[in-house]
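Q: Taken in order, these protein sequences are the chains called X and W. Residue numbering for the first sequence follows this note's numbering, beginning at 1 and increasing consecutively. Residue numbering for the second sequence follows this note's numbering, beginning at 1001 and increasing consecutively.
EDC-like, lysine to aspartate or glutamate: derived pairs with alpha carbons at most 16 Å apart:
| hint | chain 1 | residue 1 | chain 2 | residue 2 |
| --- | --- | --- | --- | --- |
| 1 | W | Lys1202 | X | Asp233 |
| 2 | X | Lys215 | X | Glu194 |
| 3 | W | Lys1170 | X | Glu12 |
Since the hints were made in silico from the structure, they are not lab data.
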Amino acid sequence: MLAERIKRQRRERITWLLFILPALVVYVVFMAGPLFDSMRLSFYTGKGFTPTEFVGFRNYIDLFTNPFWRERFLGAVKHTTIFFIIHMTVQNSLGLFFATLLSANFKGRNFYRTVIFAPATLSVLVTGFLWTLILNPHWGAINLTLKAIGLASWAKPWLGDEKLALVTISLTSVWQWVGMPTVLFLAGLLGISEEIIEAARVDGASAWSVFWKIKFPLLKPVVGVVAILTFVDNFNAFDVIYAMAGVKGEPNYSTDLLATFFYRTGIAGEHPVGIPNMGMGATIATLTFVILMTGVLIWLYTSRERDAE
Amino acid sequence: MRRTSQFFVYLVLTIWAAIVMFPLWTLVVNSFKPQKEIFSSPFGLPQHFTVEGYKAVWVNGNFGTYFLNTLYVTVISLVLIVLLGSMAAYALAKWHSKTSTALYIFFIAGLMIPIRLGTIDLVRLMKFLALQNTIWSLIPVYVAMGMPISIFILTAFVKNLPREMFDAAKVDGAAEWRIYSQIVLPLLRPAIATVAIFNMIKIWNDFWFPLVFIRMEKARTIALGVSLLFGQYRTDWTRALSTLSLAAMPILILYVFLSREFIKGLTAGAVKG
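One chain only, chain W, in its complex shape (with noise of 0.2 Å):
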């Protein structure tokens, strides 16, 4: 490359980066500032220094168990979604007829279509099923929603297995579960971990389901809580920034250990199969 498009290259894209650093950098430090300092010196780093925002969000604003709320609901949800997605892959790849055909054309048609328009009769459901206020009304939407990529994905990638294995294990009399659950699952295991991915930042973000879903307290996830305490500290900068960052960190901190992981997984769903 010249030099000169090469200092523009890093001059455009050191600008965006600063644009997408800036906000993310004032969250943090300004909330170990005292409003005060906040409105003072914005930018810099805490002259002050507290952790009153963090303690009051911990102890007031019951934040952990938001936290344990949404970590049962997105490992219970992913751990579901992976075994009946790889499960129903599985056989839609290996079974040749019209009937599998079908099935996976209404699975697919999923991806384009939000689940959040049918929210109206799902309200009516849960209160059917006596669910609402629990986080179990949350689950079995999230595995349902997760259905159309996971198996889009994985059927893609069972489709690309190498055809001796089935057939060796075949010969050999095993039962098609046995064959799943042993060779096929652990071959998977690159493909899960992008659904999973995919999956779990959806769902550990998801805002519109407990919002719809859940009032109780004891019931509440962090995006639930958040918008809760948020409202309460608007005017408690120190706090409400407070709050904002105990809900980025957890993703935030991952990202960064797995980041080529998670824009894999992130933009699975735009990858022609």
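This is chain X alone, in the form it adopts within the complex (with noise of 0.2 Å):
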């Protein structure tokens, strides 16, 4: 009896496996594998496809010290901050906004929520593409508008300064993606129950401490949810800038994310070498994934103090 049900466990144990080793195998080959591999190559150097020679944390440590190195990195990361700063607080903003008005009952509803979602659709690389065109300093629609209006003082090179570059790209991204945010607390603001807002309202709550007061407070889990997407996401971008300032981050690096000064260094080649660092590129990668990797944890601990409240 008992040997007779061992041997049904075996078996069922190995039908079960069996059903989840094709996906397995393509993850671990494809994904898993290559990510810890990563970490592993950040401890080598040598150039082009095989970095053979060990050599500890020195990618580290030139990555911190050596000044060619640390200008770049700290440079990419300082600027990955903002553009992700930028989204938390504007998109996320703008996004709870609109998912405000859309929440309540008109005619229409439907079509603006269409609306607003649609650039989210299209590749990243053709709407920066298109910005370009728009933000251009010549011919571009905005700065053409800007002169029409008697406003010429406003039209700027948008790409072409500095000061203005990273902000501009952030803020057509904005555009590309206020979309997710809207629709996810949307969803959220739709499920709180009518009764509760009805009973406050009798109370006499204005909107705006409904708002605040009722509403807010149960949609924190869809905050907790859009912060950590925004956060993986924007760590991560690449076709934006790759679309609009190129991969060296134009103008003088200044809108260099890391994801650009990853591709560069590890991938490409930096001018005018052409030969791609692959121990200092996978030194890199491995840093963005401690940072996403701290984002993400401290971002579990907290929810899960909220949910034990």
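Take the two lone chains, each set in its own frame, and fit them into one complex as the hints suggest.
A: In structure tokens:
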């Protein structure tokens, strides 16, 4: 009896493993494996495709102390953080605002929701290129319009000025992605029961305090999800910079993000050498990974605290 | 709603809708204008209608090849994602053991980690497998990239299916494979649609992996082709805009018809299971 049960359990186990195996093999070989092996590579150096010489932490030490690497790396971290913060604040508050407006019951709600979300379905590269034309200092629609309405002094070289480029690019990216938080917050708002809000209104609460005292606290789980999505997506952004500022994050590296820095160093090779430094590339990837994991763990920890409350 | 607040809602939403639609409008109308007219009247309908830009992009630009490559990559990857993802999800939902929990967590961890961080190793792997410069270098990477979200959505869905369905079939002595293919798979259809749309948009629009893996003309995808053509036509706005319109059109048209499914699919990653 017992022997038979063990045998049956083992057979069941094998059946289930066979179901999982194809997915597991592809996932390990083409995702998990390369991610972990990249960490190993960060301890090696060597030109081209075979970093063979073990150097311990030298890539890391170089990245933080060698003036060339240090300047680029700290610049990339700073710009990526700014890029992320603009999304976190501007994109997500706009999203919350639009969602609040859309949560009212009125004609044409679906139309507006569809329009607001539309850019999120497009390729980042296409929208990035499109905005470079619109923002063109001489012929772009923005500056032509500003000149036409007598605000010629406001017409700036949006993508050519070191002080403006990163903010301009971040805002075009906000234009594209604001539909995501809008839809997520909208779903959250529509999930709040009418009765609670009605009860507060009867007690004489204003729309403003209903929103901040009742709706917003109930939205907290959605806020958490939106925050973590914004964080992971934007610490990984590449396409929009490639399209609007090139792989060097023009002008003068002022829009260089971690992903463009990683691409130039580890994959394309820095001009004029043109040979990728894969060990250093892997180091940048590993540090990006560490930043992402730190953020995710903080998020998991705080959301657990919240659940426990 | 009070009348003044309703007016305010419409006003704000209409302004933003205009901000969204204005670039897309100028993109499409200007692609049908000669360069001079784009600069002299950038917002109106074309006075001197031309399709020269589209002709140039299609004939000199090999856009047909890019389109077919992207279509192959997307379709093959999606079929594999749905097949492998649903098989694994079925097993992970029905098999209760420490191993299955551990495997589930291992898959789901991929939701938070961008696969791009492993690119250096993937480049070496593709070189080793001699897949560089072919569309076959993209497919396994996209399938791997699609596993976490697919398993996340599909496992939750299988867990919510009524137990009786499996039990009845089991009493009949049906093998797990038959239960999966004949009972579970058809029931999974709505979840599969969500998974497919989520991955379709990611794969169709992906630029990073074609950029890294592919140098040869015959294996280029739309995103890669667009970056090349746009660079070439940077000063010829009719052609540049035609390139971008051609790239944007397929998805935008699909979106107009399937906007509800698109929105659901793209935000699926955010919904807690």
